[in-house]
Amino acid sequence: MSTEHTHHDHSPITAPENPPSYYEIMETAIRELLLEKKLIGAGEIRRQIELLDSRTPAVGAKIVARAWLDSDFRKRLLADGTSACEEMGITFYDSTQLIVVENTDTVHNLLVCTLCSCYPRPVLGLPPDWYKLKPYRSRAVKEPRALLAEFGTIIPENVEIHVSDSTAMVRYLVLPQRPRGTDNFNEEQLAALVTRDSMIGVVRANQPSNGEPQ
Amino acid sequence: MMHSQDNLTRLPNDIGGAESEHFERVDRALEPWEKRCHALADVLDYHKIINTEEKRRGTEALGSELIAELSYYERWVAAFANILFTKGILVPSELAIKMSEVEARFAAERTS
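Top to bottom, those sequences are chains A and B.
In terms of the numbering used here, the first sequence opens at residue 1231 and continues consecutively.
In terms of the numbering used here, the second sequence opens at residue 16 and continues consecutively.
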């Protein structure tokens, strides 16, 4: 984060410029004590970081694009999100159950975790900060229409808004509506229209005009 | 302003529908230690040492004052320490000694 690189010639890899915080020291100390007690294995943290880094909204976008193209897959996905994703080779490393909720002409879905920050991490990666903070969590269940408007998403009064509140064990993913004008798009081109926020339900999938089909 | 009766009926994490400040679409990349903290949480879950719900309750048990003061991953790491003490996996003195060692090592690395 620091922009100062001129005052020392120390290697930035091994010598961070700012002293670590109390909590960073505590994190390191806990990790090392658990390793010494052989309660966790050497390399497990590094491998988990690699796994976390491999899960991005691109995973979810691929699921959505496939559901738009393959109606049998879509049915399986809506019936059992976890097993449909597993058939695509996506593992649920956190042992959570995935429920996929579909946007239609009459229903718009929005995801939240009012108690903390539960999020479909295996298919979207880690949540954005705003998802974890009080304004989103408190308002999503009370005034979702007004909150969505702040994202620029205007939901007509005749469309119901369904808010799904995630838990430690049950996570949700929004299947957005397929944009018009994408009849001849392949899976990759469709996936490029599917943003993280559209799978949380705060916006719609991008239109082809601003979604840069490639 | 939270009144005492609100604190009785709602735990600090239970904020669905609560009065809230203005929404802002804030986001930032995690710092390396924050990502390590997240990975540690997952690994603790794999080994059935601390599961997700225990972690959530552990942060809530810090109380509303600390919750307000600490950042997201600071709350997690404080909760881990308390839960590990409660389960008898760590004792406070050994964590304090290890933290002193780690702090000294980090300081030595910065000046070497």
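Rather than coming from a laboratory, the hints here were simulated on the basis of the structure.
Do not take every clue at face value.
[Claimed, not checked] Listed next, the stretches of chain B that the computed footprint assigns to chain A, with coverage defined by at least 3 CB atoms under 8 Å from CB atoms of chain A:
(1) 27 to 38
(2) 104 to 114
(3) 118 to 125
[Unchecked claim] Simulated DEER-style distance windows between Cβ atoms:
(4) L1281/A - L81/B: 48 to 58 Å
(5) T24/B - L1281/A: 12 to 22 Å
(6) Q1407/A - E46/B: 32 to 42 Å
In this text the structure is predicted, and so the values were computed from the model without any measurement.
All C-beta atoms in this analysis are idealised placements derived from N, C-alpha and C, irrespective of residue type, glycine included.
The hints, checked one at a time:
1. Beta-carbon proximity to chain A at under 8 Å applies to 11 residues in the segment 27 to 38 of chain B; the threshold of 3 is reached and the given coverage holds.
2. Evaluation of the coverage hint for the segment 104 to 114 of chain B: fulfilled, as 6 residues show C-beta separations to chain A shorter than 8 Å, against a requirement of three.
3. With 5 residues bearing a CB less than 8 Å from a CB of chain A, the segment 118 to 125 of chain B meets the requirement of three and the coverage assertion stands.
4. The hinted range of 48 to 58 Å is not satisfied by L1281/A and L81/B, whose Cβ atoms lie roughly 30 Å apart.
5. For T24/B paired with L1281/A, a C-beta distance near 39 Å fails the hint of 12 to 22 Å.
6. Take Q1407/A and E46/B: their Cβ atoms lie about 37 Å apart, and the range 32 to 42 Å holds.
This entry does not satisfy hints 4, 5, going by the numbered hints stated previously.
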